[in-house]
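Undergrad: Put chain B on the given structure of chain A with help from the hints.
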Amino acid sequence: MRKWLIPMLAGIMITAMAYQATLLATPYALMYAALQKIGDRTQPNRFAFSPMSTADNQPIVRPSPDLSYSTCVFDVSNGPVLVDVAPVPGRYWSVSIFDARTDVAAVRSDRDTKGKPARLALMKKGQQAPQGYEPVVVKYDRGLALIRILLASPDEFPAIDAVRRKSTCRQI
Amino acid sequence: MKTWHRYGICIALGLLCGTAFAVQMVRGGLNDGLIAVGPWQTGKSFGTADASALTRAKVSFSGLLALPANEAMYFTADRDSDGRALDGRCSYLVNGGKLDGRWWSITLYEGEGWLVKNAVNRWSIPASAVSIDASGGWSFNVSPRPTPGAWLPTGSVKAFQLTLRLYRPSDFVQTQPDRAQLPTIKLQGCV
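Chains A and B, in that order, give the protein sequences. Each residue of the first sequence is one higher than the one before, counting from 149 in the working numbering. Each residue of the second sequence is one higher than the one before, counting from -1 in the working numbering.
Treat the hints loosely; a few may be bogus.
Said to hold, decoys possible - If you want the footprint, here are the derived chain B segments under chain A, 3+ residues with CB under 8 Å:
1. 49 to 57
2. 81 to 91
3. 139 to 149
4. 176 to 189
To be verified - Computed spacing ranges between beta-carbons, pair by pair:
5. Pro144(B) - Gln206(A): 22 to 30 Å
6. Leu153(A) - Arg87(B): 47 to 55 Å
7. Trp112(B) - Leu153(A): 40 to 48 Å
8. Ile130(B) - Arg239(A): 18 to 26 Å
9. Arg82(B) - Asn205(A): 29 to 37 Å
Hints in this document: simulated from the structure, not taken from any laboratory. Heads up, the beta-carbon is just placed ideally off N, CA and C, and yes, glycines get one too.
Excised from the complex, chain A in its bound form:
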């Protein structure tokens, strides 16, 4: 039995390391899969304007059927990416920037902009934001910009869709 003592201690250490490594890798893996899936809908650094979430249309887990989603898979490796979000008067909207680890680098909503457009420059350290854009430094080259707009009813979708398509995501 004594011959097993040290191998078993090694096994316990490996158990703890495998547990922690799996937890650390999971967000990157799932975000990577989401970026690939969403990225299939449009080019990088362009917004994709999704239809409303339904039981037959669930691009990501736990979608809200009350929100319209617009997504831009960004890549700042070749320079800052500018996100201009057209405001939607009289309702909740927000733009959130997620990095490759799923952390939120920034959120700006209608309350923050006081009805004006949100203008964000997504960039990594060392890059410069153009004048008029709020710099948002991200820790990883790739990530996701996500616009949420609240709908009171599905009937509003065509009108909201027309407004949200004025929003842009582009690399300098």
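TA: Only chain B this time, still in chain A's reference frame:
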């Protein structure tokens, strides 16, 4: 048995057990037991760099792209107010009052967090869909069959969860979510 055989067996078992335990923990859903409010559970660090590795992994699995608490809070219930698992073949009354935020909705999910197919294509009850009574209270039914008033269909799934989204929660709810006034979920009967 040679020494390296013993090491090989223990290391392989360690890898298997560590990975399997992590997957089991991550698959446990958003309810990581951090903060409970009646049948609802939530966390303060969703979507932030402060989140633990476990919380971040759970959120990425069951609620990818969740917002931080100053923008939105997510309360999830997979049990009713008496502690029984939510069953899509049963009917429930969800009863609440004014929620301390700008806007709310309650959405029904199955599995890791998927909308459930149903005949009327309704997956959530937003604040605008309920009638507020004189005392500020409201209620709606969660049931496999249509009911009078606001109705959220279960699609007769075996098990489901309700997620309450509270956008722009008050400072009080953000800092003391365990004291938030949230709806009750009461079993009315089963088919």
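Undergrad: Does each hint hold? Answer for all of them.
TA: Right, here's what the structure says about each hint:
1. Closer than 8 Å: that is the beta-carbon criterion, and the segment 49 to 57 of chain B has 6 residues meeting it against chain A, so the requirement of 3 holds.
2. Residues of the segment 81 to 91 of chain B with a Cβ under 8 Å from some Cβ of chain A number 0, which does not satisfy the need for three, so the listed coverage is violated.
3. By the rule of at least three residues with a Cβ nearer than 8 Å to a Cβ of chain A, the coverage given for the segment 139 to 149 of chain B is violated, with 0 such residues.
4. Coverage of a stretch by a chain is defined here by at least three residues with a beta carbon nearer than 8 Å to that chain's beta carbons; for the segment 176 to 189 of chain B and chain A the count is 0, and the condition is violated.
5. Between Pro144(B) and Gln206(A), the C-beta spacing of about 24 Å keeps the proposed range 22 to 30 Å intact.
6. For Leu153(A) and Arg87(B), the Cβ-Cβ distance of about 52 Å falls inside the hinted range of 47 to 55 Å, so the restraint holds.
7. Hint check: Trp112(B) to Leu153(A), Cβ distance near 47 Å, so the stated range 40 to 48 Å holds.
8. Checked against the hint of 18 to 26 Å, the C-beta distance between Ile130(B) and Arg239(A) comes to roughly 20 Å, which is consistent with it.
9. The supplied range of 29 to 37 Å is met by Arg82(B) and Asn205(A), whose beta-carbon atoms lie about 32 Å from each other.
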